[in-house]
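Enquirer: Knowing the structure of chain A, use the given hints to seat chain B on it.
Protein chains: 2
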Amino acid sequence: MNLDCFFRPKAIAVIGASNDPLKLGYEVFKNLRKYKGGKVYPVNVKEEEVQGVKAYRNVKDIPDEVDLAIIVVPKNFVKGTVVDCGEKGVKGAVIITAGFGEVDEEGKKEERELVEIAHSYGMRLIGPNCVGVMNTLNDMNATFIMDAKKGDIAFVSQSGALGAGIVYKTVKEGIGFSKFVSVGNMADLDFAELMEYLAETEEDKAIALYIEGIRDGRKFIEVAKRVTKKKPVIALKAGRSESGAKAASSHTGSLAGSWKIYEAAFKQSGVLIAETIDEMLSMARAFTQPLPRGRRVAIMTNAGGPGVLTADQIDRRGLRLAELEEKTIEELRSFLPPMAAVKNPVDMIASARGEDYYRTAKALLQDKNVDMLISICVVPTFAGMTPTEHAEGVVKAVKEVNNGKPVLGLFMAGYVSEKAKEILEANGIPSYERPEDVAAGAHALVEFAKARGVLEE
Amino acid sequence: MNLDCFFRPKAIAVIGASNDPLKLGYEVFKNLRKYKGGKVYPVNVKEEEVQGVKAYRNVKDIPDEVDLAIIVVPKNFVKGTVVDCGEKGVKGAVIITAGFGEVDEEGKKEERELVEIAHSYGMRLIGPNCVGVMNTLNDMNATFIMDAKKGDIAFVSQSGALGAGIVYKTVKEGIGFSKFVSVGNMADLDFAELMEYLAETEEDKAIALYIEGIRDGRKFIEVAKRVTKKKPVIALKAGRSESGAKAASSHTGSLAGSWKIYEAAFKQSGVLIAETIDEMLSMARAFTQPLPRGRRVAIMTNAGGPGVLTADQIDRRGLRLAELEEKTIEELRSFLPPMAAVKNPVDMIASARGEDYYRTAKALLQDKNVDMLISICVVPTFAGMTPTEHAEGVVKAVKEVNNGKPVLGLFMAGYVSEKAKEILEANGIPSYERPEDVAAGAHALVEFAKARGVLEE
Chain A
1 MNLDCFFRPK AIAVIGASND PLKLGYEVFK NLRKYKGGKV YPVNVKEEEV QGVKAYRNVK
61 DIPDEVDLAI IVVPKNFVKG TVVDCGEKGV KGAVIITAGF GEVDEEGKKE ERELVEIAHS
121 YGMRLIGPNC VGVMNTLNDM NATFIMDAKK GDIAFVSQSG ALGAGIVYKT VKEGIGFSKF
181 VSVGNMADLD FAELMEYLAE TEEDKAIALY IEGIRDGRKF IEVAKRVTKK KPVIALKAGR
241 SESGAKAASS HTGSLAGSWK IYEAAFKQSG VLIAETIDEM LSMARAFTQP LPRGRRVAIM
301 TNAGGPGVLT ADQIDRRGLR LAELEEKTIE ELRSFLPPMA AVKNPVDMIA SARGEDYYRT
361 AKALLQDKNV DMLISICVVP TFAGMTPTEH AEGVVKAVKE VNNGKPVLGL FMAGYVSEKA
421 KEILEANGIP SYERPEDVAA GAHALVEFAK ARGVLEE
Chain B
1 MNLDCFFRPK AIAVIGASND PLKLGYEVFK NLRKYKGGKV YPVNVKEEEV QGVKAYRNVK
61 DIPDEVDLAI IVVPKNFVKG TVVDCGEKGV KGAVIITAGF GEVDEEGKKE ERELVEIAHS
121 YGMRLIGPNC VGVMNTLNDM NATFIMDAKK GDIAFVSQSG ALGAGIVYKT VKEGIGFSKF
181 VSVGNMADLD FAELMEYLAE TEEDKAIALY IEGIRDGRKF IEVAKRVTKK KPVIALKAGR
241 SESGAKAASS HTGSLAGSWK IYEAAFKQSG VLIAETIDEM LSMARAFTQP LPRGRRVAIM
301 TNAGGPGVLT ADQIDRRGLR LAELEEKTIE ELRSFLPPMA AVKNPVDMIA SARGEDYYRT
361 AKALLQDKNV DMLISICVVP TFAGMTPTEH AEGVVKAVKE VNNGKPVLGL FMAGYVSEKA
421 KEILEANGIP SYERPEDVAA GAHALVEFAK ARGVLEE
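Chains A and B supply the protein sequences, listed in that same order.
Our numbering applies: residue 1 is where the first sequence begins, and numbers increase by one.
Our numbering applies: residue 1 is where the second sequence begins, and numbers increase by one.
Extracted from the complex, chain A is given alone in its bound form (with noise of 0.2 Å):
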């Protein structure tokens, strides 16, 4: 299914656009007045202008074509406004106003008719009750939150509230986003239409998807099956325990539905399972590395504690310490100082500068026994280095060696550590900053190795 309307649209009219910074229609349009795809339309009954922009008193007024309308105004005139997009040609509608089918079983009817007006005109509808669609590529920011930071995840999040929690969390933490979608009651669109047009995309690298409850689990299913043959789909569901259960069925209205079914869903279909936020980011940020063709780990440190941290964590995935070639143990050997550690993890100790990470790297990704390598870096202990001449090296290497074999940084160090984990970024490396998250992302690219029948073993 095309929703390009949604994600590319030429012309965008926020209705209900405002002037007065109290409401959420103000930021919406101030967001999407940074829109780099085409032009934003201000729609406001009562106002002349908004923000400085000529505003027009309804959608059909406006003198250009209109593929996609953000609807923030009041509950009671959203009905007329679906009615009014139809009769204009626009082509998908993202309802922010909130107040139907979470509130009672005659919101959930006036949402069913929404739908049905909307079908009529050949329109499509997000939401309601939804915080708004992002794409970072175009930097359209239909929502009324900050920019998220760019990146290669699409986030399909059923919370609104989470959704921006995390868009906001992940500035704080350097951690980017393609797409991210707040779904809310998902009167129309739903996770699998979502999936099969995100399937299709270049730029979206991983599907994220926040899951409180599904309606129509064949049709998820069906759906998720034909999408992880061509792209990654993580998905974290809340309510997995009892008490959670219990929490999401008070929360959303629906029941939650027992895990059990959940989880044999999601392995039927090939979405990979997280547990926390932050497993889930952690997976689906791995994406824009190759997959592994085993699940043989080499790691590189310049500290030895979180070698050993990071192994334990891969452990307890599955995955393994590869055992290193004799060569590759006697070329680090040539270099590295005498308490280095020439085993897997190679601890190359704290004297390590960029020219060691560049050596190392290269010897062990040019090892037989190596299937995927994992860079550590922690506050480098000797003065006038930084950890960006690490991430230097390791991006060297892994240019001049090329062989296809995923790379994954550790970065272990707060704010020390941020320059140098965009270096590793801008490079198409993923870089962590704990060990169970890195070796989440690793476990996550063999995984899907495993599900595409690309895992050698």
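Everything labelled a hint here was simulated from the structure, so no lab data went into it.
Here the structure is a predicted model, which is why all the values come from computation and not from measurement.
Do not rely on the hints blindly, as some may be mistaken.
The list treats identical chains as one, so a pair stands whether inside a single copy or across any two.
Below 27 Å or equal to it, Euclidean Cα-Cα: the simulated BS3-like pairs (lysine-lysine) are [what the hints assert, rightly or not]:
hint : residue 1 : residue 2
1    : LYS172    : LYS150
2    : LYS172    : LYS149
3    : LYS419    : LYS30
4    : LYS246    : LYS108
5    : LYS327    : LYS246
6    : LYS419    : LYS150
7    : LYS23     : LYS419
8    : LYS419    : LYS149
9    : LYS60     : LYS75
10   : LYS343    : LYS109
11   : LYS229    : LYS450
12   : LYS419    : LYS172
13   : LYS362    : LYS246
14   : LYS246    : LYS368
15   : LYS343    : LYS108
16   : LYS39     : LYS150
Expert: Then chain B, alone, in the frame of chain A:
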């Protein structure tokens, strides 16, 4: 054992203090110039002045009693320096210099000799091969790394680099420490003796240990048993898995030992076990709060999803959702909007203001079925709101009710939450950013309450 000379010295000598920014002795002296608890003297064999301060050729030339020496001289001069310190009457020395027991058997012998010399003068040693010691209470940073944020956790790390990485990472995350001790090779002082000292201090609410290998297991258990009667001890043991243990043995040169043995030792001595760095920190941070009487948790939130995820996480750890009293439900219904969920988790929905947080927290804390409270705030989605009013509401309720039930905060929106987190923390309420972290904190409180015999069940 009184180790005040290491943490509250009246005078410190930095032996190897330097004017060369590329030397560790430069950083150590620079960091210590902010020390509030006493005088700091640079010692340098060549320089008249170090960083503008009159320097001494030898520690013995200092015209003042010196209780602590930080030794950062080249390896060949360490032994002589220790002798000088002994003759001067120094009570404690931190040997940052590396190249001893971590290298080879010869180094181990040299290390033992240093200890013998020190003991012959009644002096104790930390190190060698360490990053140093911090006490944030009196701004003592006797390390070559950046200042830790002030907090309530005493953190003892067997890996210097990892310890440094954790200090750096927590500065970014807003997590604080009361003390940081990098124990290095533990030639003299070890985990047991440090724990014993830290058990008696006012400012250290919990003791967190990063352990690679313990030499004297019997001593550790014997001391830990006593310490955990007074204060919680949380241990993260690297090398739990087979791969990790192999990695650890190559790193420390000593056998890491079977995890089963460590696990039994920790359990037997009441030490709480963490699986990751973040779990260790999350557990330790909870102990600014009183201990709960039971494992029944009330959750309040302004968004459903995070409440469900948190319910999942507390369930996973054997805690459970409290069943609210009827009168609590009635009270909540009296002021929360109709769409709010007045069951546990209480979903006050996105419109919740500070007043709602205040009244809800108050009602939940007064409920006799509630043993502890988790207050969640995602990003407030109504324009004009900031999470600070939510934090203030919770603080006000806790102060008014004041009935000894622990309260933990969960603010899930990165930079947007920082001010709110600070408000909670300034009032002794730990504030987390992830559901699994707040659940780890709650669980640690319950486990410690159980061990202390205050859990009524």
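Enquirer: Now tell me if each hint is right for this structure.
Expert: Verification of the hints:
1. In the homo-oligomer, the alpha carbons of LYS172 and LYS150 lie at most 27 Å apart both inside one protomer (13 Å) and across protomers (21 Å), since each shortest distance falls under that limit.
2. Taking CA atoms no more than 27 Å apart as the test, LYS172 paired with LYS149 passes in both settings, with 9 Å inside one copy and 18 Å between copies.
3. With identical chains, the CA atoms of LYS419 and LYS30 are at most 27 Å apart between copies only, with a shortest distance of 25 Å across copies and 30 Å within one.
4. Only within a single protomer do LYS246 and LYS108 lie at most 27 Å apart by alpha-carbon distance; the minimum there is 21 Å, versus 58 Å between protomers.
5. Taking identical chains as interchangeable, the C-alpha atoms of LYS327 and LYS246 lie at most 27 Å apart only when they sit on different chains, with a minimum of 21 Å there against 57 Å within one chain.
6. When the C-alpha separation of LYS419 and LYS150 is checked against a cutoff of 27 Å, the pair qualifies both within a copy, at 16 Å, and between copies, at 25 Å.
7. With identical chains, the CA atoms of LYS23 and LYS419 are at most 27 Å apart between copies only, with a shortest distance of 23 Å across copies and 37 Å within one.
8. For a Cα distance limit of 27 Å, the shortest separation of LYS419 from LYS149 qualifies both inside one copy, at 15 Å, and across copies, at 22 Å.
9. For a Cα distance limit of 27 Å, the shortest separation of LYS60 from LYS75 inside one copy, 19 Å, qualifies, whereas the shortest one across copies, 81 Å, does not.
10. Proximity of LYS343 to LYS109 under the C-alpha cut-off of 27 Å is restricted to the inter-copy arrangement: shortest distance 25 Å between copies versus 65 Å within a copy.
11. Taking identical chains as interchangeable, the C-alpha atoms of LYS229 and LYS450 lie at most 27 Å apart only when both belong to the same chain, with a minimum of 11 Å there against 49 Å between chains.
12. In this assembly of identical chains, LYS419 and LYS172 lie within 27 Å of each other by CA distance both inside one copy and across copies; the values are 14 Å within and 14 Å between.
13. In this assembly of identical chains, LYS362 and LYS246 lie within 27 Å of each other by CA distance solely across copies; the values are 23 Å between and 52 Å within a copy.
14. Only between protomers do LYS246 and LYS368 lie at most 27 Å apart by alpha-carbon distance; the minimum there is 21 Å, versus 50 Å within a single protomer.
15. Taking CA atoms no more than 27 Å apart as the test, LYS343 paired with LYS108 passes between copies only; the shortest distance there is 22 Å, against 62 Å inside one copy.
16. Within a single copy, LYS39 and LYS150 get their C-alpha atoms as close as 21 Å, which meets the 27 Å cut-off; across copies the closest is 50 Å, which misses it.
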